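**Student:** Taking the hints into account, I'd like the entire structure generated from these sequences.
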Amino acid sequence: MRSANGMDARTLPPPSRTSPGHRLHRPGPGLDHRSARSLPSALARRYRSGLWPLVLPRPVPSLPESRHTLTHRLAGAMIRRRTWCRRPVVGKPVMLVELFQAPLSLLASVVVGGIGARLASRLHFPSPAVIGSMLAVGLISSAGLSLPGLLPVLRSGIGVAVGAVLGVRVSLDLFGQLRFMAGPAVVVSAWAVATGLLGGHLLAVFANMTQATALFAATPGGIAEMTLAAASFGAHTPTVAALQLTRLVGVLLTVSALVNGRGRQAPAATVPASGQVAGLATTLTLLGVAAAGGLFLQSQGVPAGTIIGAMVATAAAGVGTKSEWRFHPAIIHWSQVGVGMIVGLSFTAETFMQLATLVLPALLLNVVMVASGVGLAHLLHRWTGWDMVTCLLASAPAGISQMGILSETVGADVCVVSLLHVVRLVTVIGVLLPLLGAVVP
Numbered sequence: 195m196r197s198a199n200g201m202d203a204r205t206l207p208p209p210s211r212t213s214p215g216h217r218l219h220r221p222g223p224g225l226d227h228r229s230a231r232s233l234p235s236a237l238a239r240r241y242r243s244g245l246w247p248l249v250l251p252r253p254v255p256s257l258p259e260s261r262h263t264l265t266h267r268l269a270g271a272m273i274r275r276r277t278w279c280r281r282p283v284v285g286k287p288v289m290l291v292e293l294f295q296a297p298l299s300l301l302a303s304v305v306v307g308g309i310g311a312r313l314a315s316r317l318h319f320p321s322p323a324v325i326g327s328m329l330a331v332g333l334i335s336s337a338g339l340s341l342p343g344l345l346p347v348l349r350s351g352i353g354v355a356v357g358a359v360l361g362v363r364v365s366l367d368l369f370g371q372l373r374f375m376a377g378p379a380v381v382v383s384a385w386a387v388a389t390g391l392l393g394g395h396l397l398a399v400f401a402n403m404t405q406a407t408a409l410f411a412a413t414p415g416g417i418a419e420m421t422l423a424a425a426s427f428g429a430h431t432p433t434v435a436a437l438q439l440t441r442l443v444g445v446l447l448t449v450s451a452l453v454n455g456r457g458r459q460a461p462a463a464t465v466p467a468s469g470q471v472a473g474l475a476t477t478l479t480l481l482g483v484a485a486a487g488g489l490f491l492q493s494q495g496v497p498a499g500t501i502i503g504a505m506v507a508t509a510a511a512g513v514g515t516k517s518e519w520r521f522h523p524a525i526i527h528w529s530q531v532g533v534g535m536i537v538g539l540s541f542t543a544e545t546f547m548q549l550a551t552l553v554l555p556a557l558l559l560n561v562v563m564v565a566s567g568v569g570l571a572h573l574l575h576r577w578t579g580w581d582m583v584t585c586l587l588a589s590a591p592a593g594i595s596q597m598g599i600l601s602e603t604v605g606a607d608v609c610v611v612s613l614l615h616v617v618r619l620v621t622v623i624g625v626l627l628p629l630l631g632a633v634v635p
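Residue numbering for the sequence shown follows this note's numbering, beginning at 195 and increasing consecutively.
Derived from the structure by calculation, the hints contain no laboratory data. Among the hints, erroneous ones may be present.
[To be verified] Using C-beta positions, here's what the derived DEER-type ranges look like:
| hint | residue 1 | residue 2 | range |
| --- | --- | --- | --- |
| 1 | Asp581 | Leu298 | 37 to 47 Å |
| 2 | Val620 | Arg373 | 14 to 24 Å |
| 3 | Trp577 | Ala543 | 36 to 46 Å |
Predicted model, so just to flag it, every value in this text is computed and none were measured. Backbone N, C-alpha and C fix where the C-beta goes; we use that ideal spot for every residue, glycine too.
**Tutor:** Following this line, the structure appears as structure tokens:
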């Protein structure tokens with residue numbers, strides 16, 4: 195075959211380093227003129243063997259048909275070789291960052307939560323493991339840290355751990371007290387319905403909110419449950435989430451301060467005389483039983499199913515074997531840190547921006563909720579004879595995980611606190627939400 199200047203193409207010398215097109219014509223690493231000339235036949239063999247899609251991930255650039263010199267053939271072979279046979283490596287670091295972003299964020303949350311709990315303990319905060327981790331993780335969460343993929347898994351894991359810690363405190367003596375707890379449970383349930391309706395009415399009147407937004411923001415239920423229910427009724431979900439978070443944080447700080455003011459110190463480093471510390475094998479067994487019970491109720495759609503299922507399963511295992519176990523203080527401590535982390539991860543920059551316009555409604559809601567909870571605690575204390583700390587924790591309008599783990603921390607009656615909060619939550623989800631659906635237009 196003759197080239198454009200009449201010479202045999204096979205006898206053409208390679209392009210010199212001074213030629214203008216040297217950068218384009220120069221063969222790449224490991225590619226000489228012979229291998230470049232045999233490249234199309236290799237591609238043809240790949241095409242016949244069915245491997246064509248693997249070497250052609252994108253359209254192939256073509257050369258002008260009028261250029262048939264050997265140099266242009268070599269340039270075309272180089273373009274094809276670099277396009278077909280080399281996959282880009284630019285995306286690999288990005289993929290690795292995306293792959294490890296969630297675990298690194300989780301590790302950062304755990305480290306920051308532990309540091310916050312340590313600092314809060316040094317500063318003598320009430321319930322330092324919960325409050326310190328909540329404030330520290332909330333600070334970095336509002337700065338942009340998020341766990342979109344791992345947050346449900348983390349919430350379930352913390353729920354199982356908290357349920358297991360509460361479940362081992364259940365003993366046979368609890369069944370003898372159940373008949374005396376029916377009346378207080380009814381009172382707590384009625385209080386939850388009444389405070390939700392009263393707080394919603396006050397927000398609608400004084401904060402100029404829609405009826406749906408005000409009622410769901412004031413209902414003492416979980417943040418996730420109330421926000422999802424508010425979205426289904428057409429309420430303003432950012433306002434609902436911000437006020438629910440404000441209520442939870444305000445109740446945690448207030449109740450912790452009240453309990454600490456009564457001189458009840460956290461016995462986290464002590465082991466009760468009624469039980470022995472579980473060994474490694476027993477701890478893993480109890481956590482496995484708790485995980486099975488918690489995940490089962492969660493799969494059935496039960497509100498707070500992980501905590502309730504884990505608590506019931508662990509209690510059944512302890513009562514069935516007539517054994518009284520206590521988890522190692524480190525497990526109790528990190529369960530408290532995890533509870534604070536879950537609350538702190540709810541903090542976002544949008545939440546604070548929303549709260550900037552809701553300062554007065556948030557203060558009004560917190561005053562109503564805390565005052566009514568303290569009044570209910572005094573009523574339960576006079577009626578049942580329970581100690582005031584147990585009554586404060588049982589009547590606080592907060593979640594079962596927060597109040598349950600605080601009751602473990604301050605040495606209150608865990609069974610009473612957990613049972614009354616379960617009844618309140620079931621009443622809110624099963625009774626108050628349908629009632630709100632009938633009231634909200």
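**Student:** Decide, hint by hint, whether the structure agrees.
**Tutor:** Checked hints:
1. Asp581 with Leu298: 37 to 47 Å: holds, 44 Å
2. Val620 with Arg373: 14 to 24 Å: Check passed, 19 Å falls within 14 to 24 Å.
3. Trp577 with Ala543: 36 to 46 Å: holds, 45 Å
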